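Start from chain A and add chain B with the ligands according to the hints.
Residue numbers (this note's numbering), protein chains in the order written: chain A, 1 to 371; chain B, 1 to 289.
Keep in mind the hints are simulated off the structure, nothing from the lab. Predicted, not measured: the structure shown is a model, and the values here were computed from it. It is possible that part of the hints are untrue.
Unchecked claim - Derived PhoX-like pairs (lysine-lysine); straight-line CA-CA distance at most 25 angstroms:
1) Lys-79/A <-> Lys-94/B
2) Lys-182/A <-> Lys-172/A
3) Lys-70/A <-> Lys-112/A
4) Lys-94/B <-> Lys-17/A
5) Lys-182/A <-> Lys-112/A
6) Lys-112/A <-> Lys-79/A
Unchecked claim - Pulled from the structure, derived: some chain B residues nowhere near chain A, Cβ distances all over 12 angstroms:
7) Leu-9
8) Glu-48
9) Cys-108
10) Glu-148
11) Met-179
12) Arg-200
13) Gly-223
14) Trp-272
15) Thr-281
Said to hold, decoys possible - Pairwise CB distance ranges, derived in the manner of DEER restraints:
16) Ile-27/B <-> Glu-175/A: 23 to 33 angstroms
17) Glu-175/A <-> Gly-97/B: 34 to 44 angstroms
18) Ser-20/A <-> Arg-99/B: 48 to 58 angstroms
19) Asp-64/A <-> Lys-94/B: 48 to 58 angstroms
20) Lys-94/B <-> Glu-74/A: 17 to 27 angstroms
21) Arg-199/B <-> Lys-112/A: 16 to 26 angstroms
22) Gly-97/B <-> Ala-176/A: 48 to 58 angstroms
23) Ser-113/A <-> Gly-97/B: 21 to 31 angstroms
24) Lys-112/A <-> Gly-32/B: 52 to 62 angstroms
Built from N, CA and C at the ideal position, the CB exists for glycine as well.
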Amino acid sequence: MTSSPVHDLECIDVSKKFGSVRAVDNVSFTIPSGSFFSILGPSGCGKTTLMRMIAGFEDPSNGDIKIKGKSVVETPPNKRNVKMVFQHLALFPMMNVYENIAYGLRCNGASKSEIEHRVRDVLDRIALPDVAHREIHQLSGGQKQRIAIARCMVLDPDVLLLDEPLGALDLKLREAMKIELKLLQHQFNTTFIYITHDQSEALVMSDHVAIMNEGQFEQIGTPQQLYHAPNTAFVAGFVGDSNRWSGTVAQAQGSDVKVETTAGLPLNCTLIGNNVPLVGEGVEIFVRPEFITVQRQLAKTDGDIDAGHNQLEGVIDSLLFNGANSRVLVRSQTNQLIEADVTLTGGTDDLKPGDAVHLIWHAQQTMCFRT
Amino acid sequence: MLQKDIKRLSLIMLFTPFALWIALLIIIPHLGMVVLSLREKVAPRVYEYGLGNYVDFMNEPIYWNTLLRTGSMSLLVTALALIIGFPIAYYIAKIAGYRTRGALFLLCLIPLWVSDLIRAFGWILLLRETGVVSSVLQWSGLIGEPIEFLYNDITVIVGLVYTVILFMIVPLVSTLDGMDESMVEAGYNLGGSGFTVLRRIIVPYAMPGIVSGCIVVFMLTAGSYLTPILLGGKNSSWFTEQIYEQFITRFNWESGAAFGFLLLAFTSLVVWLGLRLTGQTLANTVAKS
Ligand SMILES: Nc1ncnc2c1ncn2[C@@H]1O[C@H](COP(=O)(O)OP(=O)(O)OP(=O)(O)O)[C@@H](O)[C@H]1O
Ligand SMILES: [Mg+2]
Chain A
1 MTSSPVHDLE CIDVSKKFGS VRAVDNVSFT IPSGSFFSIL GPSGCGKTTL MRMIAGFEDP
61 SNGDIKIKGK SVVETPPNKR NVKMVFQHLA LFPMMNVYEN IAYGLRCNGA SKSEIEHRVR
121 DVLDRIALPD VAHREIHQLS GGQKQRIAIA RCMVLDPDVL LLDEPLGALD LKLREAMKIE
181 LKLLQHQFNT TFIYITHDQS EALVMSDHVA IMNEGQFEQI GTPQQLYHAP NTAFVAGFVG
241 DSNRWSGTVA QAQGSDVKVE TTAGLPLNCT LIGNNVPLVG EGVEIFVRPE FITVQRQLAK
301 TDGDIDAGHN QLEGVIDSLL FNGANSRVLV RSQTNQLIEA DVTLTGGTDD LKPGDAVHLI
361 WHAQQTMCFR T
Chain B
1 MLQKDIKRLS LIMLFTPFAL WIALLIIIPH LGMVVLSLRE KVAPRVYEYG LGNYVDFMNE
61 PIYWNTLLRT GSMSLLVTAL ALIIGFPIAY YIAKIAGYRT RGALFLLCLI PLWVSDLIRA
121 FGWILLLRET GVVSSVLQWS GLIGEPIEFL YNDITVIVGL VYTVILFMIV PLVSTLDGMD
181 ESMVEAGYNL GGSGFTVLRR IIVPYAMPGI VSGCIVVFML TAGSYLTPIL LGGKNSSWFT
241 EQIYEQFITR FNWESGAAFG FLLLAFTSLV VWLGLRLTGQ TLANTVAKS
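Next comes chain A alone, as it looks inside the complex (with noise of 0.2 angstroms):
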């Protein structure tokens, strides 16, 4: 105990069956003090499941969920420094903002003026001071939301828990909600635990992401790692976007794999994983759009591309205007079809649907992946 430093939230091997189905299949994960820890996973993949069992409204099949290093799972729920925001939020309706946010302080056994002491203390902090009297049908999504964090943070948990959260406001909102959720876990500097299936949402907030899958964690690692250095296949195709091949491979070296995909295309590529593959085995190939530069065919010769390279020739098939997020798609001459990020400047030297063009990446941008 005294060697190890105390983790805020620790899952040992944490199973849990539904009847036949593995809804969380030994998922063990550490998430250090402080940080924002995002759980991402498409949907039934056992999100909800992992945060009930870690809010003590779930008992583990097996597994051990330690908080600040002690054992919970003996512990009934009311009884645990873990709040939740659900994703409907759950204020009570029949009480106004103030009685909502004073309820886990009675609960407690606060006395009257430290309850109305805490309760403007919070308010201030989501800088809402002038809602106490309010009810709660006079809020707006934003502001409920607000709320549904005070009323958990005013009894200072040891883990926040937010199970997809912003899931029932517009995108608008949305997007300045990610900004204030990031403030507002900086200002209160307790462990956050995010769950969510939107990429961009996990991505943007959190220090660390775990990326799960049929109940199992794939990997877990910063935003950054799991982009750029994905462990698995499905982890490449599940964080940010991917041009997606399957192919066998012709020839391999070390990490440096020659692939021919499906279509005929042969391609150099970086294997990802210990274990080479043997010529012929199948693979599955992600390059990410914005590593494919795209150049005009002009009368200038391909003979310069080095063995690092892969090329393509291939002809506009339509152009993706997104303002500085905008892409073209390629028809190359297998007929498949390729997207890369293009910089649309809105002159004549455009790119155009119908324009023949070289499509140019490193083989180090290109992950190849045993299947």
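Relative to the frame of chain A, chain B with the ligands by itself:
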């Protein structure tokens, strides 16, 4: 223009049956009752208007004692129906699975298939001196002599609770059904004990259903006739029995009308007090349940 006329016409057509019903079946009979209750017989076929019937009621302790007794027993029945009905309603709405819920709800409705009268006779078959309960107890040797379970207040109350509890369960189920489970979980998560969650979250949330259930049950009980008479016998001293006696036995319609009106006024007063005490309004009760 045309659109407006059609709207107005349809409004009138929809409203007419309602207005007729209110006027013919509710307002006119009650006005008739009030007028009737204000008449006094001074000589054969000679009537005078005055408060004599109400004064008679006040001067005769048996009458207003019966009214108070009916009121307090009805309150007791209402409270019992609430205490027993709430867990049942909670189970049906929140704990039972989707399929069991329908079956349980249907089970609650089954007693309505049978008329009041038959149900009361059912109780009599069970509880009379030679009835099922008494015989079984005798057979098992728990009692030596046959016991008469009928004709006492407890039996009347049990019978009444049984008759009206359904009207408590239905509005409770419908309000509790709308309650988001995560609200209860939030109540626990924020540190509340089971009792706190019940008192501060579930009951306040179900309040509209509780109030409307209580109003219906109280009114039905106070106005019931068959169950108290059949299970309580001659001494049940239920106020409806007094009204019946005035109208039918004594053929004194004037005082019967006054009694009827007093029962209405008294129960309305109790309901109004109840609403005031729980801080509910009739409008939000009706809207939410
Ligand atoms: N009470 C339950 N009984 C049986 N199966 C359940 C129960 N709760 C969840 N499951 C199953 O466990 C799996 C994981 O569910 P969970 O709610 O944790 O998913 P999730 O990752 O939160 O999904 P979403 O993003 O859609 O909320 C699902 O396959 C679900 O059907
Ligand atoms: Mg979920």
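Here is how each hint holds up against the structure:
no.: 1; hint: Lys-79/A <-> Lys-94/B; in the structure: holds (23 angstroms)
no.: 2; hint: Lys-182/A <-> Lys-172/A; in the structure: holds (16 angstroms)
no.: 3; hint: Lys-70/A <-> Lys-112/A; in the structure: violated (31 angstroms)
no.: 4; hint: Lys-94/B <-> Lys-17/A; in the structure: holds (23 angstroms)
no.: 5; hint: Lys-182/A <-> Lys-112/A; in the structure: violated (31 angstroms)
no.: 6; hint: Lys-112/A <-> Lys-79/A; in the structure: holds (22 angstroms)
no.: 7; hint: Leu-9; in the structure: holds (37 angstroms)
no.: 8; hint: Glu-48; in the structure: holds (54 angstroms)
no.: 9; hint: Cys-108; in the structure: holds (27 angstroms)
no.: 10; hint: Glu-148; in the structure: holds (48 angstroms)
no.: 11; hint: Met-179; in the structure: violated (10 angstroms)
no.: 12; hint: Arg-200; in the structure: violated (7 angstroms)
no.: 13; hint: Gly-223; in the structure: holds (32 angstroms)
no.: 14; hint: Trp-272; in the structure: holds (22 angstroms)
no.: 15; hint: Thr-281; in the structure: holds (14 angstroms)
no.: 16; hint: Ile-27/B <-> Glu-175/A: 23 to 33 angstroms; in the structure: violated (60 angstroms)
no.: 17; hint: Glu-175/A <-> Gly-97/B: 34 to 44 angstroms; in the structure: holds (40 angstroms)
no.: 18; hint: Ser-20/A <-> Arg-99/B: 48 to 58 angstroms; in the structure: violated (21 angstroms)
no.: 19; hint: Asp-64/A <-> Lys-94/B: 48 to 58 angstroms; in the structure: violated (31 angstroms)
no.: 20; hint: Lys-94/B <-> Glu-74/A: 17 to 27 angstroms; in the structure: holds (26 angstroms)
no.: 21; hint: Arg-199/B <-> Lys-112/A: 16 to 26 angstroms; in the structure: holds (18 angstroms)
no.: 22; hint: Gly-97/B <-> Ala-176/A: 48 to 58 angstroms; in the structure: violated (41 angstroms)
no.: 23; hint: Ser-113/A <-> Gly-97/B: 21 to 31 angstroms; in the structure: violated (47 angstroms)
no.: 24; hint: Lys-112/A <-> Gly-32/B: 52 to 62 angstroms; in the structure: holds (57 angstroms)
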